[in-house]
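S.K.: Residue-level listing of the chains:
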Amino acid sequence: MKILVCISNVPDTTTKITFTNDNTQFNTAGVQFIVNPYDEIALSKAIELCEGGKGTVTAINVGEAATEPTIRKALAIGADDAVRVNAAPRDAYFTAFQIAEYAKANDFDMILCGRESIDYNGSQVAAMVGEFLEIPSISIIKKLDFDGTTATIEREIEGGKEVVTVTGKFVASCAEGTAEAKIPNMRGIMSARTKPLTVVEAVAIEELGKVTKFETPAPRGAVKLVAAESAEDLIGLLHSEAKVI
Amino acid sequence: MSVLVYVEQADGKFKKSVFEAVSYAKAIADNQNTSLTAVSIGNVAEADLKELGKYGAAKVLNVATDQLKNFVNQAYAAVIAEAATKESANLIILSNSFSGKGLAPRIAVKLKAGLVDGAVEMPNFDGGFSVKKTAFSGKAFAVTTLTSENKVIALNPNAFGVKENAVDATIENFNPEVKATDLTAIVKEIVRATNKISLPDAELVVSAGRGLKGPENWGMIEELAELLGAATACSKPVSDADWRPHSEHVGQTGIAISPNLYIAIGISGAIQHLAGVSSSKVIVVINKDPEAPFFKVADYGIVGDAFEVVPKIIAALKAHKA
Ligand SMILES: Cc1cc2nc3c(=O)[nH]c(=O)nc-3n(C[C@H](O)[C@H](O)[C@H](O)COP(=O)(O)OP(=O)(O)OC[C@H]3O[C@@H](n4cnc5c(N)ncnc54)[C@H](O)[C@@H]3O)c2cc1C
Ligand SMILES: Nc1ncnc2c1ncn2[C@@H]1O[C@H](COP(=O)(O)O)[C@@H](O)[C@H]1O
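The listed protein sequences derive, respectively, from chains D and R. Going by this note's numbering, the first sequence runs without a break in its numbering and finishes at 251. Going by this note's numbering, the second sequence runs without a break in its numbering and finishes at 324.
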């Protein structure tokens, strides 16, 4: 079994988000980049499914050379090899197309993504890869069992879950619950340096749109404190002042 | 140009977020002087389809074959793309729901359409077509300009509101052919708690964190939520410890929400938590530590012990409702 895991390189979750060039560009100065947290879950699931020689895990990232520490981290967690498509990930359409092109040429049984990247929060790449490859895609999954032929998957729906089975190739985007995120051990970190990391060039595709401006949310006014002794006053305020209840 | 809105059903019923998507699509169609068509897939009663007219859908394409009873995004995307072609629609609107997130990208690829997911406002037509969406888990917004002929927008729940705009809806059966290869994913089971308000759609949310000490203390949180008609949420350590289900975890690595009211009880307000909730319209914080960072982004705050404060609020709410 061959599993492809899509790894996105995102700002650390503690990052204060600021912009430059008249709010047209994300300010990366001093920002620490990490493996997208959901992609760690996807990768951990893939490693789990391949344990005991049942298969191999390839990590793929669409990114420029600066993303290599993130790819090495994926190798340290336990991917067998990695591929970097050498291009800035313009948007989900571009990124998904690159991943699909690579997958077409290399015949994977399963492609796992994260539920969303925590920078642009698109939740787009997985389903787009599915469409480019004309195979099923299941978005926002929280459980995945595979018996060698058929995958039984739980996906999140509003207020519950749906159980889906797929036989044959598929793409899924993983949320919490799918697997426990693995932490790299010393041996993993050492071997990551020597595991194969191939760089391939991007394939051209038309541009359909782009981010033209960023905005930061308007700051809130000062907090209005209600004394604990008269906590009941809160209800009146929410009703007649804030008008939300 | 015309506008097509996909109306997602759950157990044959439409939710508020669907009426919101129709209202949004209608506002765009009016602004562009064009028509709006809705497309429904699955078994929905005629009266429910008619109700879409209340929000401005003059025409409803009803795709009611047993084959498509359950949501399979590959097949649904094909049907919606075909409906768009039939209606000469080049703008497709849907809700940014769990299913919408699996569907919109496939429609976009099929139609070579630029996609804006998580839209929070009406598009801006000045010299082009741009839409504001959430980015960086609520820490920022990104204005995305689409240059493609076809476009898809997935609207965030609670971003636009439901607006009535009554027209008489004409219902037309639509039976496009569905390829067997688009139906290989098989839905085996659907489990849905019908008595609970789902978090992503909720207008009011009561959330609690590690300050509550243990799962046995959630009774008062649930009581408060029930009295308000609110959904319940929690911080990450709470769901990590299995005090509450993962589906309640909000924040940067959980779900991002923007209800009208978010009440945070015993939550410190870490940057990763705030990321997912800071776009709530009104924020109330209850915390015994006056230095808790959450107070900096709150509209109303109570410095006090949750175990004393929450029962008082519950009593006041009961009195208010009586
Ligand atoms: C990569 C990464 C991603 C993360 N993603 C998320 C995320 O998506 N969502 C999220 O929530 N967190 C996330 N976190 C965790 C986050 O950093 C915080 O650790 C977490 O939000 C803290 O949860 P808490 O506020 O419930 O607990 P604590 O920080 O322990 O705060 C408990 C609060 O309760 C108050 N308290 C205690 N007793 C009482 C009482 N009796 N009455 C009233 N108040 C009381 C305390 O004063 C304190 O402020 C993430 C962390 C990392 C590293
Ligand atoms: N540049 C990228 N390279 C590889 N995989 C990516 C990239 N961007 C996104 N992904 C994958 O797609 C998922 C969803 O991303 P998004 O659609 O951007 O929210 C991520 O969790 C990753 O698994």
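If you're looking for bench data, these hints aren't it; they were derived computationally from the structure. As the structure is a prediction and not an experimental result, all values here were calculated from the model. Possibly wrong hints are sitting among the right ones.
[To be verified] Calculated cross-link-like contacts (lysine-lysine; reagent style BS3-like; alpha-carbon spacing at most 30 Å):
{"#": "1", "chain 1": "D", "residue 1": "K148", "chain 2": "R", "residue 2": "K15"}
{"#": "2", "chain 1": "R", "residue 1": "K17", "chain 2": "R", "residue 2": "K71"}
{"#": "3", "chain 1": "D", "residue 1": "K110", "chain 2": "R", "residue 2": "K15"}
{"#": "4", "chain 1": "D", "residue 1": "K8", "chain 2": "D", "residue 2": "K230"}
{"#": "5", "chain 1": "R", "residue 1": "K71", "chain 2": "R", "residue 2": "K112"}
{"#": "6", "chain 1": "R", "residue 1": "K215", "chain 2": "R", "residue 2": "K320"}
{"#": "7", "chain 1": "R", "residue 1": "K181", "chain 2": "D", "residue 2": "K175"}
{"#": "8", "chain 1": "D", "residue 1": "K219", "chain 2": "R", "residue 2": "K114"}
{"#": "9", "chain 1": "R", "residue 1": "K215", "chain 2": "D", "residue 2": "K216"}
{"#": "10", "chain 1": "D", "residue 1": "K149", "chain 2": "R", "residue 2": "K320"}
{"#": "11", "chain 1": "R", "residue 1": "K71", "chain 2": "R", "residue 2": "K114"}
{"#": "12", "chain 1": "R", "residue 1": "K181", "chain 2": "D", "residue 2": "K149"}
{"#": "13", "chain 1": "R", "residue 1": "K71", "chain 2": "R", "residue 2": "K15"}
{"#": "14", "chain 1": "D", "residue 1": "K230", "chain 2": "R", "residue 2": "K283"}
S.K.: Which hint numbers does the structure go against, in order from smallest to largest?
M.R.: Numbers 3, 4, 9, 10 - these are the hints that the structure violates, sorted from lowest upward.
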